[in-house]
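What follows is each chain in one-letter form.
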Amino acid sequence: MNLSGTITLAHGSGGRAMHQLVDNLIRQTFTNPLLEEGEDQARIPLAGLVAQGDRLAFTTDSYVVTPLEFPGGNIGTLAINGTVNDLAVGGATPLYLSCGFIIEEGLSLETFARILQAMKLAADEAGVQIVTGDTKVVQRGGADKLFINTAGVGVIPAGFNPSAGRAQPGDVVIVNGWLGDHGAAILNARGDLALDADIETDCAPLNRLVDAMFAACPDIHCLRDATRGGLATVLNEFAERSGVDFMLKEEHLPIRTPVRGMCEILGLDPLYLANEGKLVAVVPLTAAQAVLTAMKRIPAGRDACIIGEVVEGDGHVVLQTAFGGERIVDMLPGEQLPRIC
Amino acid sequence: MKYIDEFRDPAKAKKLVEEIHKLASGMFPSTPLRERTSPVAERSRSQRSRREHTRSQPLQIMEFCGGHTHTLFKYGIESMLPDTIEMVHGPGCPVCVLPMARVDDCVAIAEQPGVIFTTFGDAMRVPGTRKSLLQAKADGCDVRMVYSPMDALAIARKNPDREVVFFALGFETTMPSTALTLLQAHREGLKNFSLFCNHITTPATMRAILTDPDLRLDGFLAPGHVSMVIGAQPYDFVTRDYHKPLVITGFEPLDILQALWMLVKQIAEGRCEVENQYARIVPQAGNTAGLNAIHEVYETREHSEFRGLGNIGDAGIQIREAYAAYDAEKKFGIPFDAAPFDSAQGAGSLKCAEVLRGVMKPWDCPAFGKECNPQMPLGALMVSPEGSCAAYYAYGKLAKRS
Ligand code: SF4
Chain E
1 MNLSGTITLA HGSGGRAMHQ LVDNLIRQTF TNPLLEEGED QARIPLAGLV AQGDRLAFTT
61 DSYVVTPLEF PGGNIGTLAI NGTVNDLAVG GATPLYLSCG FIIEEGLSLE TFARILQAMK
121 LAADEAGVQI VTGDTKVVQR GGADKLFINT AGVGVIPAGF NPSAGRAQPG DVVIVNGWLG
181 DHGAAILNAR GDLALDADIE TDCAPLNRLV DAMFAACPDI HCLRDATRGG LATVLNEFAE
241 RSGVDFMLKE EHLPIRTPVR GMCEILGLDP LYLANEGKLV AVVPLTAAQA VLTAMKRIPA
301 GRDACIIGEV VEGDGHVVLQ TAFGGERIVD MLPGEQLPRI C
Chain L
1001 MKYIDEFRDP AKAKKLVEEI HKLASGMFPS TPLRERTSPV AERSRSQRSR REHTRSQPLQ
1061 IMEFCGGHTH TLFKYGIESM LPDTIEMVHG PGCPVCVLPM ARVDDCVAIA EQPGVIFTTF
1121 GDAMRVPGTR KSLLQAKADG CDVRMVYSPM DALAIARKNP DREVVFFALG FETTMPSTAL
1181 TLLQAHREGL KNFSLFCNHI TTPATMRAIL TDPDLRLDGF LAPGHVSMVI GAQPYDFVTR
1241 DYHKPLVITG FEPLDILQAL WMLVKQIAEG RCEVENQYAR IVPQAGNTAG LNAIHEVYET
1301 REHSEFRGLG NIGDAGIQIR EAYAAYDAEK KFGIPFDAAP FDSAQGAGSL KCAEVLRGVM
1361 KPWDCPAFGK ECNPQMPLGA LMVSPEGSCA AYYAYGKLAK RS
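Protein sequences, first through last, are from chains E and L. Residue numbering for the first sequence follows the numbering used here, starting at 1 and increasing by one per position. Residue numbering for the second sequence follows the numbering used here, starting at 1001 and increasing by one per position.
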């Protein structure tokens, strides 16, 4: 398909232009047998699912981000990995995704093609297939360039049951690496801060990492990906639902120097910055070493480390600062705003 | 982007904290405070009412500046202090103390045809009785955020057919730059530039707090960056007239611990002095060039109001008659003292006044975190991230648990 020009309302009209966009660009990029059947729905054989576990996991998420492309990824990588990770942290093996596009007229075809390509690569890396989808084009101002919704199904193997309410005193908290990269990369890429930091998104699929963790310890108590709201938000949910306190050690938190520096300048707290390839696990102390070792063998877990522990309490997250003090890390009331003067 | 770990060294912090604990336990040897014999305690006790003589309350130390409040929270410094030392958060955030009527004035100026209203970013979200500057901008006013008053001057040069107004606010830290900008406009003969002056001075504000009968404080941490301009001498009245020790303090966590140690040591030894912890930066006499510009352009106002504190006497600053051509109040006919004590503050459930005077903690305000939160700030203490209510909201506090 000729990629010069932009997407117009005609591409959403149901006519030839739409046919070209959907068949010659989207379907060709995502190609797989289920998609090729060309029906209005993907028809997935049950037998293959049943063989892999005893529960179906089903999730959906919509993706909106400015700018669409940023160092280390784009909205497409987010849309695949985000949904893959939502399945993975439930213990599910992600299998099939749907994909809905809402496109604002005027988006360049070249950009759109680049995003589709990134989605295909991400799907292949995670081992999932995009088997059904939908495309709408709206007038200028009706959306912000491109919104993507993905839904996904996966199968949960018997016996895997992490939940936000299962943290117990004595457990340890593990993360799989550097915190806050994605949030910092997006802020930086927006460019209105006139900072010149070299920060890439951490966007990555986590399903293979979770597989390895499950193999090392079938009794992982809590597991979540730390996306919007960052580590602080996930741990607050764990603390509240489990009725325990979390004690974090600031000097053990893996935060890159440029991210730290950027937060310093803007008055932001890296604990609230979004991640797109980070999970937080609460595991029994006795299993911690085995889980860490298993994680470090997988690329997405190379920098895994223990950042704190669970203690008795009533639902607080407490940070022991490197300086020697303690403070409560609460849920954020809303978006963090940079301090300007 | 590196940061200054030198002033965040936990080993040094530990040492200072130990020293502070030692001093404090010397002062509170498991006996109530009334047993204390230091002359300062005697003196300040004699100033209190009879009922309060028997208090067994901790030392109350006010960090005047919002920047200090921020550092306290971020590093969890309060949790390192003995229970016998309590920090009271001061009003030292120029955005926090802005009366709603002043924001209304800004909006009124911004609404005049042809005006470009320029301001520091933090002031944009402060609620007025009608709207904030941010809302005024959304409604079509030309409100622009700038990083310095010189940027506003540049806008004035580029738009000779527009009136450019800069919202001058802040303590002595921002006064030299606005004064110098006005003088520059004067030199260039720019006719379309003016300042809406809402500056306030730190020492006079401190005096307004000290004369409050409700307030019980044992000492002050004073902001180092203010003293970079005014020096140390303007604080002499705090020790001389009110017998409260004061330490001029930097903004790194070790600065604060060291200053606290100096202050507690003064109290323990019965001294009452103005000391300078920030000597690495603060010259005793301040910044002469900056001070000269300030005196050239500004004079004290007879009467000014603070959100939550009401009349603060002579803390307000106005532009001298000689520079009236650059005074937005005169240009746009703003009746400055038509600022009735914020009516919203009168409504019983908002405790801004009590919080600002350090008599109440933010979470004791019935509106805290409910009707009043950083998204929908009712009081100005919730607006800037360094306002006490917003800071409590963002960082929470261990003390809250007990
Ligand atoms: S919570 Fe809001 S209303 Fe209450 S004191 Fe703080 S700023 Fe004022």
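To be clear, the hints were calculated from the coordinates, so they are not data collected in a lab. Positions of the beta carbon are idealized from the N, C-alpha and C atoms, including for glycine. Take these hints with a grain of salt, some might be off.
Claimed, not checked - Below, computed lysine-lysine pairings styled on DSS-like, alpha-carbon distance capped at 25 angstroms: (1) 1158/L / 1191/L; (2) 249/E / 1370/L; (3) 1137/L / 1265/L; (4) 1158/L / 1074/L; (5) 1131/L / 1330/L; (6) 249/E / 1014/L; (7) 1131/L / 1370/L; (8) 1012/L / 1022/L; (9) 249/E / 1330/L; (10) 1158/L / 1137/L; (11) 1015/L / 1265/L; (12) 249/E / 1015/L.
What the hints assert, rightly or not - Residues from chain E that keep clear of chain L, each with C-beta distances beyond 12 angstroms, as calculated: (13) 15; (14) 120; (15) 189; (16) 267; (17) 294.
As the list claims (entries may be wrong) - Part of the chain L face toward chain E, derived, beta carbon under 7 angstroms: (18) 1010; (19) 1013; (20) 1014; (21) 1016; (22) 1075; (23) 1076; (24) 1080; (25) 1082; (26) 1084; (27) 1370.
Results of checking the hints against the structure:
For the hint linking residue 1158/L to residue 1191/L, the alpha-carbon distance of about 13 angstroms falls within 25 angstroms, and the restraint holds. Between residue 249/E and residue 1370/L, the direct Cα distance comes to roughly 31 angstroms. Violation of the 25 angstroms bound is thereby established for this hinted pair. Among the hinted pairs, residue 1137/L with residue 1265/L is inconsistent with the structure: their alpha-carbon atoms are about 51 angstroms apart, more than 25 angstroms. With a C-alpha separation of about 42 angstroms, the suggested pair residue 1158/L and residue 1074/L falls outside the 25 angstroms cut-off, and the hint is violated.
This hinted pair checks out: residue 1131/L and residue 1330/L have alpha carbons roughly 23 angstroms apart, not beyond 25 angstroms. Distance hint between residue 249/E and residue 1014/L is fulfilled; the C-alpha atoms sit about 16 angstroms from each other, no more than 25 angstroms. Under the criterion of a C-alpha separation no larger than 25 angstroms, the hint pairing residue 1131/L with residue 1370/L is consistent with the structure, at around 20 angstroms. Distance hint between residue 1012/L and residue 1022/L is fulfilled; the C-alpha atoms sit about 15 angstroms from each other, no more than 25 angstroms.
With a C-alpha separation of about 56 angstroms, the suggested pairing of residue 249/E with residue 1330/L is violated against the 25 angstroms cut-off. As the CA atoms of residue 1158/L and residue 1137/L are separated by approximately 20 angstroms, the hinted pair is consistent with the 25 angstroms bound. Distance check on the hinted pair: residue 1015/L and residue 1265/L sit about 15 angstroms apart at the alpha-carbon level, within 25 angstroms; holds. Proximity of residue 249/E to residue 1015/L is assessed by CA-CA distance (about 20 angstroms); at most 25 angstroms being required, the pair is judged to hold.
Against the 12 angstroms criterion, residue 15/E stays outside the reach of chain L, whose nearest CB is about 39 angstroms from its own CB. For residue 120/E, the non-interface assignment is confirmed: its Cβ lies about 36 angstroms from the closest Cβ of chain L, beyond the 12 angstroms cut-off. Listed as a non-interface residue, residue 189/E keeps its Cβ farther than 12 angstroms from every Cβ of chain L; the least gap is roughly 16 angstroms. At roughly 6 angstroms from the closest C-beta of chain L, the C-beta of residue 267/E falls inside 12 angstroms, breaking its exclusion from the interface.
With a closest Cβ-Cβ approach of about 33 angstroms to chain L, residue 294/E is found to remain outside the 12 angstroms limit, as its non-interface label requires. Residue-level restraint check for residue 1010/L holds (minimum Cβ-Cβ distance to chain E is 5 angstroms; threshold 7 angstroms). Using the Cβ-Cβ criterion of 7 angstroms, the hint placing residue 1013/L at the interface with chain E is satisfied: the shortest such distance is roughly 5 angstroms. Restraint check, residue 1014/L versus chain E: the minimum CB separation of about 6 angstroms is within 7 angstroms; hint holds.
Checking residue 1016/L against chain E by beta carbon gives a least distance of about 10 angstroms; that is not within 7 angstroms, so the hint is violated. For residue 1075/L, the interface hint holds, the least distance from its beta-carbon to any beta-carbon of chain E being 4 angstroms, beneath 7 angstroms. The criterion of a C-beta within 7 angstroms of any C-beta in chain E is met by residue 1076/L, whose closest approach is roughly 3 angstroms, and the hint holds. The interface hint given for residue 1080/L holds, since its Cβ lies 5 angstroms from the closest Cβ of chain E, which is under the 7 angstroms cut-off.
At about 13 angstroms, the closest approach between the beta carbon of residue 1082/L and any beta carbon in chain E exceeds 7 angstroms, and the interface hint on this residue is violated. Annotation: interface hint on residue 1084/L violated; nearest CB of chain E at approximately 17 angstroms, more than 7 angstroms. Proximity of residue 1370/L to chain E is violated relative to the hint, the smallest CB-CB distance being about 11 angstroms (cut-off 7 angstroms).
The structure shown violates the earlier hints numbered 2, 3, 4, 9, 16, 21, 25, 26 and 27.
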